[in-house]
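Let's have the full structure, built from the sequences with the hints guiding it.
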Amino acid sequence: MKPGFQSVGTKNILGATLLISGIIIQGLFIERNNDFGLLITYLVAFSGYLVMVFNTINNDFKIGTAIFIRIILIFIIPWLSEDIFRFIWDGALWREGIHPFSSTPQEIMNNSDLPENVQQLYSELNSKQYHTIYPPVYQAIGYLSSYLLPISLSAPIIFIKSILVATELTILKAGRRLKVNNPNISKWLTIYLLNPLVIIEGAGNAHFEIMLVPVLVFLVYYAHVKKYLLAGIALGVSVAIKLLPLIFGPFLLFNSIRDKKLFPFLLGSIITTLVLFFPLYSSSFVDGIIESTSLYFRKFEFNASVYYLLREVGYMIKGYNTIQTLGPYLSIVTTSIILGISWIYRKKEASKILFWLWAIYLIFATTVHPWYVIPLVGLSVINNYKSGIIWSFFIFYTYLGYNEKGYNESSLLLYIEYSAVFITFLFDLNWVKFKNNPLKR
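The sequence shown begins at 8 in my numbering and counts up by one.
If you're looking for bench data, these hints aren't it; they were derived computationally from the structure.
Incorrect hints may have been included.
With a straight-line cut-off of 30 Å between C-alpha atoms, the simulated DSSO-like cross-links for lysine-lysine are [to be verified]:
| # | residue 1 | residue 2 |
| --- | --- | --- |
| 1 | Lys194 | Lys234 |
| 2 | Lys267 | Lys355 |
| 3 | Lys393 | Lys233 |
| 4 | Lys355 | Lys234 |
| 5 | Lys325 | Lys412 |
| 6 | Lys355 | Lys393 |
Okay, structure coming up:
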């Protein structure tokens, strides 16, 4: 049969229509405080996603659909998060000769004479009283985008989104590396590329996690084939995008020692990290990152699981929110578990262990925003796990708590979300125990 309507498949066309219409309608017409609108449009989009995922016909059409919807979203202003304005703000400060880590936006506005377009950008920020915490890649892209700020606020947004989408699509190149060991990887990657949460939070809301995923896929591949110099470089790049991949360091370190390739790994990871972080280095950077990290563990809480349970115990015993002490204690517990798993399972496949390390971090975190799950979706796909996909559905509905006065978290939605997630974790653990490694098929 020649390529055409019939070769695409009716189900694919139906799925693509639902996926695209659900996301685009949400992006153009639904406000963040419109619970019903968010509920319906995401349900429509996810239904279309499932229709396409369960239809095995025409993988090229699926990839084309994923690219098409991302291109459209490049030109739509983020509708669920204001984070992109902080990226541009940080970049604009660099242009003005101000280190973004030196002071909070509030302090800078009170003590600096900034251009009018930068002052207008200030009104879009949502965390004016906090230091930035964004690593070098954010800062570099924000800096480049700030040159477009005099044109309009939309120009730097389009620039940032274009870079994010272009780098995200390198996952197709990364997937070809894994294809040597797993012929199904191309089909599995469409499960990632078509995922509504990935599309909305990435191309829609401009979160850099979509840039991180291809780097993690390369990292998995280089660790799998024992090319530790390149694995170290991939780790350094991933940390420059998002600090959290530091949790993978111990596992990769133990692996490199096991394979007698410690020096190449350290050489690649340390030099890459130093080179990428060097432009940010100053006493302001060190002080700012320490302040931001401390605030993250001691103040912020959102959509947590284990932390919320322990917080309730704290209320019963102390009579107040114990996050000031509980947050840091949980970070120590998380670090200990990560070190233990990294050592005990150092002989296991990197793809599996990286997935579970990221999952463990999220389980014990005080704050779990929807976009934090994006790397878990990517790692789910290359392991043929289901929990990352399931979580990507339920976590979106944390947006239903927003209103004109702020945010009210729903205990019912939390119970539903984490019940579904932990149940599917059990299934995936069973898969690890009884099934062969997907990379070796």
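Against the structure, the hints:
no. : hint             : verdict
1   : Lys194 to Lys234 : holds (26 Å)
2   : Lys267 to Lys355 : holds (16 Å)
3   : Lys393 to Lys233 : holds (27 Å)
4   : Lys355 to Lys234 : holds (16 Å)
5   : Lys325 to Lys412 : holds (28 Å)
6   : Lys355 to Lys393 : holds (19 Å)
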